[in-house]
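Student: What follows is each chain in one-letter form.
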Amino acid sequence: MTKKEKKGKMKKLSGLEKWQSERIDITQKRFRIGDYLAEKVIKGVAYLSIAIVFLIFVFVFRESFPIFNTSKPATETQVIAKQDSQETYGAVTDNGSAGQKQETYGAVSDSASKSNTQETYGAVTDQSAAPKETVQAGDSTNSKNKTSDTYTVSAGSGSDDNRSALKSMASKEWVPVSANPRYGLLALILGTIKITLISLLFAAPLSILAALYVSVFANKRMKELIKPTIELLAGFPSVVIGFFALMVLATFLQSVFHYETRLNSFVGGIAMGIAAIPIIFTITEDALTAVPKSFYEASLALGASKWQTAFFVILPAATPGIFAAILLGIGRVFGETMIALMATGNAAQMDLNPFASVRTLAATIGAEMAEVVFGDTHYNVLFLIGSLLFIFTFVINAVAEFYVKGKLMKRIQGK
Amino acid sequence: MSENKIHTENMFLYYSEKMALNNISITIPEKKVTAFIGPSGCGKSTFLRSLNRMNDLIDGVKIEGKVMIDGVNIYDKNIDVVNLRKKVGMVFQKSNPFAKSIYENIAYGPKINGVNDKSHLDEIVETALKNAAIWEEVKDRLGDSALGLSGGQQQRLCIARTLAVNPEIVLMDEPASALDPLSTAKIEELIVQLKEKYTIVIVTHNMQQAARISDNTAFFYLGELIEHDKTKKIFTNPDKKQTEDYITGRFG
Ligand SMILES: Nc1ncnc2c1ncn2[C@@H]1O[C@H](COP(=O)(O)OP(=O)(O)OP(=O)(O)O)[C@@H](O)[C@H]1O
Ligand SMILES: [Mg+2]
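For the record, the sequence lines run as chains A and B.
Oh and the first sequence: position 162 is 162 in my numbering, straight run, nothing missing.
Oh and the second sequence: position 65 is 65 in my numbering, straight run, nothing missing.
For the record, the hints were derived by calculation from the structure and aren't laboratory data.
Just so it is clear, CB atoms sit at the ideal spot from N, CA and C, and this is done for glycine as well.
Be aware that a few hints might be false.
Claimed, not checked - Taking lysine-lysine pairs in the PhoX-like style, the calculated list, with each CA pair at most 25 angstroms apart, reads:
| id | chain 1 | residue 1 | chain 2 | residue 2 |
| --- | --- | --- | --- | --- |
| 1 | A | Lys-293 | B | Lys-111 |
| 2 | B | Lys-87 | A | Lys-293 |
| 3 | B | Lys-18 | A | Lys-293 |
| 4 | B | Lys-111 | A | Lys-410 |
| 5 | A | Lys-220 | B | Lys-62 |
| 6 | B | Lys-87 | A | Lys-410 |
To be verified - Partner residues aside, some chain B positions facing chain A, computed with beta carbon under 8 angstroms:
| id | residue |
| --- | --- |
| 7 | Tyr-15 |
| 8 | Lys-18 |
| 9 | Met-54 |
| 10 | Asn-55 |
| 11 | Ile-58 |
| 12 | Val-82 |
| 13 | Phe-92 |
| 14 | Lys-94 |
| 15 | Gly-109 |
| 16 | Val-165 |
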């Protein structure tokens, strides 16, 4: 009834009259259902994303957890391992048939792979070809079956095994598939850090200077040419970059620097740097462009040259963004698997020489996860590596957030 | 030394095709305060910016005619623009301190000009801050970010920053437009002091301010210079009707 009356009244008034005649009531708190729902949905999405990240971490870490269990005999693992023996057969036979070779691809300390660059390269192909070989071998002989049995037993022998695995992690040797498996993480960690440093030293200055040029110096046409070109690189699948590094870059760099091993951390670092450049470039460029134009004008009005303005005013003002860019670049290199597999030589060794082959954490997971025995110590260790990658990234971000943004920024931009 | 610091003759300025300054001929004397007044959009800022070639930064700006400073045409081919801007400093309408500490804001100009000695820099910073009447307020917090200062303090900091490079001419584009009366008074006092050493050109919308601090006043309208004379004359007995209308507020 009242509604109808209101409607009738409204029709008489024109739109503008109605708008002007409306009184604003502030005494009644209104419940705005649309706002309320939208807010809740957005909130839910935000929490969900946090939850997903957290759950991934929990899952990865849980899979690695059994190796910390050094008291309880791991019968469960043993059973699973035995049941799965048919499945895991492939990987195991491989070990039996090519035992010596398998060990060498892990640690270059062996004479075979040290001798010749061509052979290191050969080992990589060998590894990828391994599954094919073993499928054929599967049906053929009984003796191999036997080796597989003994192996499974030794792998699942429980707490003792875990204890020795844990102990071996602090060692330098990564020989996961052997009668006496050693899971030395140190060489892998060192390799990852080495590669990250090399690629950052290569990519960060290049991309930051390129971004500085594009945002401050380049005229419109140059800008429109350079920016999309570099950003196009971001769309390159890393397998393509890896392939390029493997076939072209490695040969080229070797002919320039005359080092011994063809695939090494230097080649891998450069290749990963190529993958990181578009990321660092894009974010740095955004940060530089976001610096107020008034800074630029003020500096020029003080009699500064363009270069001085760019370097002493614009670059410092954009430091938070540039740090974010570098962090993302680190993240990219850290987790990069394909390029690492293809271009670094994949030999886990403690060697600070940039021209020595390395094996990264991510590449280790990528190379071995498909062939590992489910629930085995090796399997757990691979997941532990996954957790490590997670934790490292987290720590780097935390350090950047609290130290760099807190202290360094104050030093550059005043308290 | 010529008494005429700045001198333009038949100067035109175009933004792309649009004419913004129409046949400006003016002579600005040395060590005096000259005020530019006129309604919004009449080209005051444009003219000011063309005196230290800040308009070079805008695409499509074309300038015709002569702009002479100390008898040299600053739009000649072999003019060093970087040194020109050192000689002709500028304070902008919106205060624009760098995202650096107060000290670094002032020290930046001398540093890029090759002053590296710490004690010398300290001296320059202190003098500049004192000249800009802000020293007492910031002397205990020179390491703090300049962005944490109030608007009025930021503007005086920008003036100090300009003074620190020791220019001969200081261009000020409405330096007090966003300030409270107290800060404005401080800046006005400062400008009057500064004319002992510098030639000052100031754009202002505040008639009383122009009357208080300037020796000469120029009235711009629609890109043209209507009248330029002693401030007293402009404010008491202008030649042109347009000037009188604008000053008395009878302007449409
Ligand atoms: N970058 C630009 N590109 C194109 N036209 C411009 C540009 N800057 C100013 N103009 C035009 O030139 C004319 C003069 O502008 P200017 O900024 O010099 O005015 P003003 O007198 O300083 O005004 P106000 O008192 O509002 O600051 C205006 O019509 C303006 O629209
Ligand atoms: Mg203006």
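Student: Evaluate each hint against the coordinates.
Tutor: A quick look at each hint next to the structure:
For the hint pairing A/Lys-293 with B/Lys-111, the CA-to-CA distance comes to about 21 angstroms; that is within 25 angstroms, so the pair holds. Our distance criterion of 25 angstroms between C-alpha atoms is met by B/Lys-87 and A/Lys-293, whose separation comes to about 22 angstroms. Restraint check for B/Lys-18 and A/Lys-293: satisfied, since their Cα atoms lie roughly 23 angstroms apart, inside the 25 angstroms limit. For the suggested pair B/Lys-111 and A/Lys-410, the alpha carbons sit about 20 angstroms apart, so the restraint of at most 25 angstroms is met.
Distance restraint check for A/Lys-220 and B/Lys-62: the Cα-Cα separation of roughly 19 angstroms lies within the 25 angstroms cut-off, and the hinted pair is therefore satisfied. For the suggested pair B/Lys-87 and A/Lys-410, the alpha carbons sit about 32 angstroms apart, so the restraint of at most 25 angstroms is broken. At its closest, the beta carbon of B/Tyr-15 sits 17 angstroms from a beta carbon of chain A; the interface hint therefore is violated under the 8 angstroms criterion. Below 8 angstroms, beta-carbon pairs count as interface contacts, and B/Lys-18 has none with chain A, the closest being about 20 angstroms; its hint is therefore violated.
Here the hint on B/Met-54 is kept, as its CB sits about 6 angstroms from the closest CB of chain A, short of 8 angstroms. Because the smallest distance between the Cβ of B/Asn-55 and any Cβ of chain A comes to about 11 angstroms, over 8 angstroms, the interface hint for this residue is violated. Because the smallest distance between the Cβ of B/Ile-58 and any Cβ of chain A comes to about 10 angstroms, over 8 angstroms, the interface hint for this residue is violated. Interface restraint check for B/Val-82: the shortest CB-CB distance to chain A comes to about 5 angstroms, inside 8 angstroms, so the restraint holds.
A hinted interface residue such as B/Phe-92 counts as satisfied when its beta carbon comes closer than 8 angstroms to some beta carbon of chain A; here the least separation is about 7 angstroms, so the hint holds. For B/Lys-94, the suggested interface contact is upheld, since its CB lies about 6 angstroms from the closest CB of chain A, less than 8 angstroms. With its C-beta approaching chain A no nearer than about 4 angstroms, B/Gly-109 sits inside the 8 angstroms limit, and its interface hint holds. For B/Val-165, the suggested interface contact is upheld, since its CB lies about 5 angstroms from the closest CB of chain A, less than 8 angstroms.
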